[in-house]
Amino acid sequence: MEEAQINMLVTFIQEGVADRSPYINADKTVNGDAAHGETFFNATCARCHGADGKTINFGDEAEPEYLGTVGSDNPWEAFHKDSFGQPGKTMPAGLNFGWTMQDIADVIAYLQTLPTK
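Residue numbers (the working numbering): 3 to 119.
These are computed hints drawn from the structure, not numbers from a lab.
Wrong hints could be hidden among the right ones.
Unchecked claim - Simulated crosslink set (BS3-like; lysine-lysine; CA at most 27 Å straight-line): (1) Lys-30 - Lys-119; (2) Lys-30 - Lys-83; (3) Lys-30 - Lys-56; (4) Lys-119 - Lys-83; (5) Lys-30 - Lys-91; (6) Lys-91 - Lys-119; (7) Lys-119 - Lys-56; (8) Lys-56 - Lys-83; (9) Lys-56 - Lys-91.
The structure displayed is predicted, hence computed values, not measured ones.
Assemble the whole structure, with the sequences as input and the hints as a guide.
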């Protein structure tokens, strides 16, 4: 494992079991400040995912899936990946940057404003 992957694993072990219900509602809305999340997104995420979150298509041409799609359809997945990174990828973990759970909720709230298609 590379150092970044070890750091993601350590962060997950230390922080992985946490109640996300204060941040994500059953209807998939997020209790976050999208404007604050945009600041974190632009500083960290946009360089790989693009300003509109559409640089990387996680789906395929017939059924594209972008950051806005994941943030809207499965905010729990987005919260987890923003917290701990993406296994097997170079995506960093927000918690390793010192982001709080509320900062991550704010980023997910911002993702929900991005295009889904």
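Going down the list of hints, with the structure as the test:
no., hint, in the structure
1, Lys-30 - Lys-119, "holds, 18 Å"
2, Lys-30 - Lys-83, "holds, 16 Å"
3, Lys-30 - Lys-56, "holds, 21 Å"
4, Lys-119 - Lys-83, "holds, 20 Å"
5, Lys-30 - Lys-91, "holds, 26 Å"
6, Lys-91 - Lys-119, "holds, 23 Å"
7, Lys-119 - Lys-56, "holds, 8 Å"
8, Lys-56 - Lys-83, "holds, 17 Å"
9, Lys-56 - Lys-91, "holds, 17 Å"
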